[in-house]
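Enquirer: Spelled out, the chains give:
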Amino acid sequence: MLEHDVLVVGAGLAGMRAAIAASAAGANAAIISKVHPVRSHSNAAQGGINAALSDRGDAWEDHAYDTVKGSDFLCDQDAVEVMCKAAGQSLIDMEHFGVTFSRDDEGKLGTRAFGGQRRQRTFFVGDFTGQAMLHVMFEQLIKSGIRKYEEWFVTSLIIEEGQVAGVMALEIRTGEIFAIRAKTVIFATGGCGRVFEPSTNALIVTGDGMSLAYKAGAHLMDMEMVQYHPTTLAGSGVLLSEAARGEGAYLINKDGDRFMQTYAPNMLELASRDVVSRSEQTEINEGRGVNGCVYLDVRHLGEKLIMEKLWQIRELGMDLAGADMIKEPVPIRPGMHYIMGGIKTDIDGLTNIDRVYAAGECANVSVHGGNRLGANSLLDTIVFGERSGNHAAQAAKSSNFIKFDEEARVKEEKEKIQSVLDRPQNGDRIAKLRLAMGTSMNDNLAVYRDAKGMQQSVEDIKNFKERYKDLPVDSKGKIFNTDLIFHLELGFMLDCAEAIASSGLERKESRGAQSRLDYPERDDENWLKHILVKNTENGPELSTSEVSITQWTPVERTY
Amino acid sequence: MDSSREDVLIMNVTLKIKRFDPDGSSTQSYWEEFAVDVLDNATVLDALIQVREENDGTLSLRCSCRSAICGSCAMRINGQGSLACKTPASDAMIDGVITVEPAGNMPVVKDLVTNFDVFWDKIYQVTPYLLPEGPEPEAEYIASNESMLHLSGVTACIMCGACVSDCTVLEVDPSFLGPAALAKAYRFTADPRDGNENGVSTQRLKDLGDKSGMWDCTRCMACVTACPKGVAPMDRIMALREQAMDAGFTNNNGARHAQAFVDLIGHGGSLDELKLPVKTVGVFNIPALLSYVPVGIRSLRRGKLPSIFHKKIYEVEKVTHLVKKLEKANKN
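Protein sequence lines, in the order shown, are assigned to chains A and B. Numbering-wise, my numbering puts 350 at position 350 of the first sequence, and it's gapless, one number per residue. Numbering-wise, my numbering puts 278 at position 278 of the second sequence, and it's gapless, one number per residue.
Among the clues, some could well be false.
Said to hold, decoys possible - Keeping only pairs whose Cα atoms sit at most 27 Å apart, straight-line, the calculated DSS-like set for lysine-lysine is:
id	chain 1	residue 1	chain 2	residue 2
1	B	Lys331	B	Lys318
2	B	Lys16	A	Lys478
3	B	Lys16	A	Lys432
4	A	Lys478	A	Lys148
5	B	Lys206	B	Lys331
6	A	Lys416	A	Lys215
7	B	Lys18	A	Lys478
8	A	Lys452	A	Lys529
9	A	Lys411	A	Lys215
10	A	Lys432	B	Lys18
11	B	Lys206	A	Lys143
12	A	Lys414	A	Lys148
13	A	Lys465	A	Lys414
14	A	Lys215	A	Lys478
15	B	Lys275	B	Lys328
16	B	Lys18	A	Lys476
17	B	Lys324	B	Lys312
18	B	Lys324	B	Lys275
19	A	Lys452	A	Lys534
20	B	Lys275	B	Lys312
21	B	Lys16	A	Lys476
22	A	Lys215	A	Lys534
23	A	Lys143	B	Lys211
24	B	Lys275	B	Lys211
Worth flagging that the hints you see were computed from the coordinates, not collected in a lab.
Generate coordinates for the entire structure from the input sequences, incorporating the hints supplied.
Expert: Pasting the structure below:
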């Protein structure tokens, strides 16, 4: 049988970092991903990565405070301390691996400004930092010689008598089902953006790990905290990086006014993302937008700077909106982008299930709380990817493989999949159900929310889950059956949608990304706490847990 | 689909898709046409996704980011290696039809999905990770922003395989490293952090000069045309050749061929096609020279053999002067 000490599910930045760390710590590590590693969605992180480098006068405490304030005080401060302290070394490691970071005049790493931070500490490669880092991480993965299961789709976590024993997986190219035995499993499967329509997220971002862990008993936490990014392109909903505002772009309404002067007089366009998105939505709702959008304007930055630092953004504008940003502003609006919530872990990435870990967007350590700062996501992936890889390798040393009946497991999984393939056509389609789910979520769990809307989504999702039980597929073949994959992914997404909507309804206040029209104020007395979601036979069961506060007392949040 | 614009127009597109069903009874690929209505600003990928979602879920293709960064959706659109998500449907229509085939130079798995193993095998062959020779600094390596910006032009490569799809050398010689792997190699040879303290990656340049390496490119430009990210792989291959010759790797057919061009032009003002092969393989390399005999005989029969007495051009000294001047400038 295939077996590994540490099996990482997902091969984006967090997953590859975890596998490399585990392998370096002496474990037999492997990585399994439904797409080739360089196709992962870490590619899409454009603007940069935050780190407070002490050799240029920055302090990790300052970075930590900006992060805590950005989170609207919902993050766990002990976790933020870990991340911000480790940031410098993690960044330098990436540079030594070969990332072509932009330099200053002395040849040292150069910075740009980013939202929600009082000083420049965002290191970058043009406007494709995530892509540059992902490809370099893949180079290091090749160097390490780690076994890669490319285009393998994990269908379930094997739990034997309450203990994790490995994963069941479908090799997409052959359609064969395998059991892979593992002492430890690290989920690094990214977010669940496709639960919403539209979303900036790639089509593969379907919450696989969140759902797999949730079904196996792991707790999801802060799932209501969904980030709407301020600058997504009208039409396709594709992301235009915060790098544009970091370099000095303006946001203007239909009258040409820089409306952020009203909402965040100090930080303007570089206030936290939740604040900027709310401001835009208010402008649009009050009739100062155009066709549901406001404008991103970089004309004053000049052609030279745009071509050197923002050229990919300009290309996107030309390809997808037909607008050349050197000459004209482009229409943008807030769009679903990131989920702060995820699988609850401790500072080593360990979930509430022994020897099951999570890192990156699918995890919630929690360092982002109610709102993630731009350029903290890349940092999160490499810091907690490395920590979980190290910790899992240590845990594997002191544990044995759990025995299970391979043949029976494979048979059971095959039957499960065959039953999906055998379903008769009933007029319903995967894309139809996914669009219905995405639209309900975007209607009711976007920038502004209220009880009525969220209740509607909770009901909708219940119905969608029923529809899903009879949902057929077109494609019955074994080899590269993407139709089957989409079907399985939709099942994962419905779990995530359910957790998001029910958590949003539960939190009766406005904090970070959750802005409730019926509860417009932050309520520290009752809601300075996390919401946990546990899977039961009767659906999601909600509870709360304390927020870790080490040195920063919550205060009113203005920018 | 977006409806936020007021001026949105619907456009009818016929997608002519080359399909292959590995589970089916036939081992042959076949063409199938789908007519779909898309928005006027839709990409070819949008149209394909619409077919998959609304018409036929059995259609397989790889796609993910929809914004030309993940590199999943490279395919041949109207015969040209392209990214489907970066190609506006309105630009690709020829009399209302867009012809879509899987990427070339790779085996087809299903429909538009190709087997990328042949692509990655070549990437692995160029030792695709940074190899600094000296001790690692405690902080970052000091490097100029210009050098990093230059490299970023190459690391913009998303490994989509559009260049490999359209490479004309790979079509006849599958062992050629190909445009993507050679551009990847250049990403290291041009990195001041790679190689010795002067940033010279000697071993890499030596290895890349071997058979099937940098000297096998025929400069057809197909990869430059196909690349959706402006990486211009062929230009990187030419830069590799310059680096290799600068590093002293001149004792091979490719380098001698390039040098022979310069020498012959500098001497006579035009190319002496009889001397070129001799200078390329070396005057004492009898087996290689004999291998040219059949070509020579065929040329002679068709009256295409160049004159044995190669004449210098009028005012050749001006050309000679120019070549010397250029060589001097290069040395500085």
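Enquirer: For a C-alpha distance cap of 27 Å, please report whether Lys465/A and Lys414/A respect it.
Expert: Roughly 22 Å separates the two Cα atoms, so the pair holds.
Enquirer: Holds or violated: are the alpha carbons of Lys478/A and Lys148/A at most 27 Å from each other?
Expert: 21 Å, holds
Enquirer: Taking 27 Å as the top limit, are the C-alpha atoms of Lys331/B and Lys318/B close enough?
Expert: This hinted pair holds, its Cα atoms lying about 20 Å apart.
Enquirer: Going straight from one Cα to the other, do Lys324/B and Lys312/B come out at no more than 27 Å?
Expert: 17 Å, holds
Enquirer: Does Lys143/A sit within 27 Å of Lys206/B, going by the straight-line distance between their CA atoms?
Expert: 20 Å, holds
Enquirer: Regarding the pair Lys16/B and Lys432/A, is the alpha-carbon distance no greater than 27 Å?
Expert: Measuring from Cα to Cα gives roughly 24 Å; hence the hint holds.
Enquirer: Hint check: Lys416/A vs Lys215/A, CA-CA at most 27 Å. Holds or violated?
Expert: Given pair Lys416/A, Lys215/A holds - Cα atoms ~16 Å apart, limit 27 Å.
Enquirer: Take a quick look at whether Lys143/A and Lys211/B sit within 27 Å of each other, Cα to Cα.
Expert: 24 Å, holds
Enquirer: Just to be careful, I want the Cα atoms of Lys411/A and Lys215/A compared with a cutoff of 27 Å; is the pair within it?
Expert: Holds. Lys411/A to Lys215/A sits at ~20 Å (cutoff 27 Å).
Enquirer: Take the C-alpha atoms of Lys452/A and Lys529/A, compute the straight-line distance between them, and say whether it is at most 27 Å.
Expert: 23 Å, holds
Enquirer: Mind checking the alpha carbons of Lys18/B and Lys476/A for me, to see if they're no more than 27 Å apart?
Expert: 20 Å, holds
Enquirer: Taken at face value, is the distance from the CA of Lys328/B to the CA of Lys275/B at most 27 Å?
Expert: Given pair Lys275/B, Lys328/B holds - Cα atoms ~24 Å apart, limit 27 Å.
Violated hints are absent here; each numbered hint is respected by the structure.
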